[in-house]
Amino acid sequence: MEQTLTTTMTVNGSQVTRAIPARQHLVDFLREELGLTGSHIGCEHGVCGACTIRVNGEVVRGCLMLAVQANGCRVDTIEGLSDSKELERLQKAFHEKNALQCGFCTPGMLMAAQDLVRARKKATREEIRAHISGNYCRCTGYQAIVDAIDEVING
Amino acid sequence: MKAPSFAYAKPRTLAEAFELIERPGAKILAGGQSLIPTLNMRLSAPELLVDITGLAGLSNIEAKNGAVRIGALCTHAMVERSPEVREHLPLLAEAMPHIAHPAIRNRGTLGGSLALADPAAELPACAVALDAVLIIASRKGERRVRAVEFFKGLFETDLKQGEILVGAEFPKAEKSAFVELTRRHGDYAIVGLAAVTKQRERRISLFGFADRPVLIRPGSLEEAKGSLPKPAADLYHSSATKLHLAKVLLERAWNRL
Numbered sequence: 005m006e007q008t009l010t011t012t013m014t015v016n017g018s019q020v021t022r023a024i025p026a027r028q029h030l031v032d033f034l035r036e037e038l039g040l041t042g043s044h045i046g047c048e049h050g051v052c053g054a055c056t057i058r059v060n061g062e063v064v065r066g067c068l069m070l071a072v073q074a075n076g077c078r079v080d081t082i083e084g085l086s087d088s089k090e091l092e093r094l095q096k097a098f099h100e101k102n103a104l105q106c107g108f109c110t111p112g113m114l115m116a117a118q119d120l121v122r123a124r125k126k127a128t129r130e131e132i133r134a135h136i137s138g139n140y141c142r143c144t145g146y147q148a149i150v151d152a153i154d155e156v157i158n159g
Numbered sequence: 339m340k341a342p343s344f345a346y347a348k349p350r351t352l353a354e355a356f357e358l359i360e361r362p363g364a365k366i367l368a369g370g371q372s373l374i375p376t377l378n379m380r381l382s383a384p385e386l387l388v389d390i391t392g393l394a395g396l397s398n399i400e401a402k403n404g405a406v407r408i409g410a411l412c413t414h415a416m417v418e419r420s421p422e423v424r425e426h427l428p429l430l431a432e433a434m435p436h437i438a439h440p441a442i443r444n445r446g447t448l449g450g451s452l453a454l455a456d457p458a459a460e461l462p463a464c465a466v467a468l469d470a471v472l473i474i475a476s477r478k479g480e481r482r483v484r485a486v487e488f489f490k491g492l493f494e495t496d497l498k499q500g501e502i503l504v505g506a507e508f509p510k511a512e513k514s515a516f517v518e519l520t521r522r523h524g525d526y527a528i529v530g531l532a533a534v535t536k537q538r539e540r541r542i543s544l545f546g547f548a549d550r551p552v553l554i555r556p557g558s559l560e561e562a563k564g565s566l567p568k569p570a571a572d573l574y575h576s577s578a579t580k581l582h583l584a585k586v587l588l589e590r591a592w593n594r595l
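Taken in order, these protein sequences are the chains called A and B. The opening position of the first sequence corresponds to residue 5 in our numbering, with each subsequent residue numbered one higher. The opening position of the second sequence corresponds to residue 339 in our numbering, with each subsequent residue numbered one higher.
Chain A with its partners taken away, still in its complex shape:
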């Protein structure tokens, strides 16, 4: 018998309680159980960054955390940050600078970029690249993504 644990977390401001299998990681839970499919699953071993979400205000790899470990935590996804308009400036800049093609990496890229936007008043292009180094994009070559983040941070 697979062990399930009753787990309560606050996802994008709403409290949810579910019996969650111990082995299910957080992004699978968000996607399969809650239908929040904005967080993507790329590599599923912490390399690509497509599953980047926020737990208790800090960005984490959603595939490298068990859903049951989020018990009592506040979880924010791309859906929540889009609805609250927190990402509005970044989303507009990504659009205008053509910082996406297929869009698979974009939710994770926005979550990682917003982490830097919140933390810094200024950032060099090198610092921006270092901060998104954990997020793969296989389409754009990153130049346009750095342009977009640069515009939001440095104006």
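What the hints contain is simulated information worked out from the structure, not anything from laboratory work. Since the structure is predicted, the reported quantities are computational estimates derived from the model, not experimental observations. Among the clues, some could well be false.
To be verified - Quick list of simulated restraints, FRET-style, between CB atoms:
hint, chain 1, residue 1, chain 2, residue 2, range
1, A, Lys-89, B, Gly-404, 49 to 55 Å
2, B, Arg-361, A, Glu-37, 26 to 32 Å
3, B, Lys-402, A, Thr-21, 40 to 46 Å
4, A, Ile-45, B, Glu-400, 35 to 41 Å
5, A, Glu-100, B, Arg-538, 56 to 62 Å
6, B, Arg-538, A, Ser-86, 53 to 59 Å
7, B, Thr-579, A, Glu-37, 46 to 52 Å
Said to hold, decoys possible - To give a feel for the contact side, a few chain A residues facing chain B, derived at Cβ under 10 Å:
hint, residue
8, Leu-9
9, Cys-47
10, Gly-50
11, Gly-53
12, Thr-56
13, Ile-57
Here a beta-carbon is modelled for each residue, glycine too, at the ideal position from N, C-alpha and C.
Go by the hints and put chain B onto chain A.
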């Protein structure tokens, strides 16, 4: 891929944790940034994960008696942001941003990295260079092991069944340098070095080089370059390449020591 099936328990006290980790097939889970990938790829199949992140008192950073004690559950991000670390352990402060990426540093722990003993990881090498003392707890009480004796080989440490690494004490050092070569920021190092000068002795610890951090204590740069053992090749770099790169890093670091 998806992780195999396992049971999960989150103890609230050390006593409870000791009882759980003695069960057959039990494995300790802290930040999970190395363990969960191996589960997802089915390289590891524990029967029970004992999540120790609920244990109190293992997330402190405290400077006293010429050393900084860091709790095992401190995340890399906590160490990176710590004023005590920046003031007394510039080597660690310099090394932290090289460990993976921000999202991983927010979850990965100091204790997890030391207990895993990945030969290409930054923290074991820093611990060896600084001559850190690792603090290990079990039902029998606490014991202390010097970093050079703790790392025994590839993913192999002095930790025994029933023991939990609870923290490490890093002695202060006057001068330090940390350099590593990676293909992309945050990747595991092709080769790297953590080095300090303590009481005029230089202690240089190389990583991504052998099955554990390699410590040399050279008197001169020439002696340092000459005293390097033959490094182990990896998938992409031959032994000769790594040896050459290690010498380049020694040259870059030497004048700071």
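These are the hints, each one checked on the structure:
1. Between Lys-89(A) and Gly-404(B) the C-beta distance comes to about 51 Å, which sits within the given range of 49 to 55 Å.
2. Our hint of 26 to 32 Å for Arg-361(B) and Glu-37(A) holds, since their Cβ atoms are close to 29 Å apart.
3. In this structure, Lys-402(B) and Thr-21(A) meet the distance hint of 40 to 46 Å, their C-beta atoms being roughly 43 Å apart.
4. In this structure, Ile-45(A) and Glu-400(B) meet the distance hint of 35 to 41 Å, their C-beta atoms being roughly 40 Å apart.
5. Range check, Glu-100(A) to Arg-538(B): about 58 Å between beta-carbon atoms, so the 56 to 62 Å window is met.
6. Checked against the given bound of 53 to 59 Å, the beta carbons of Arg-538(B) and Ser-86(A), roughly 58 Å apart, stay inside it.
7. Thr-579(B) and Glu-37(A) have their C-beta atoms about 48 Å apart, which keeps the hinted 46 to 52 Å range intact.
8. Satisfaction of the interface hint for Leu-9(A) is found here, the shortest Cβ-Cβ separation to chain B being roughly 6 Å, below the 10 Å cut-off.
9. With its C-beta approaching chain B no nearer than about 9 Å, Cys-47(A) sits inside the 10 Å limit, and its interface hint holds.
10. Contact between Gly-50(A) and chain B, as hinted, is supported at the beta carbon level, the nearest pair being about 5 Å apart and thus within 10 Å.
11. This hint holds: Gly-53(A) has a C-beta 7 Å from the nearest C-beta of chain B, less than the 10 Å allowed.
12. About 6 Å separates the beta-carbon of Thr-56(A) from the nearest beta-carbon of chain B, less than 10 Å, and the hint is met.
13. Because the beta carbon of Ile-57(A) sits about 9 Å from the nearest beta carbon in chain B, less than 10 Å, this interface hint is met.
The structure meets every hint from the earlier list without exception.
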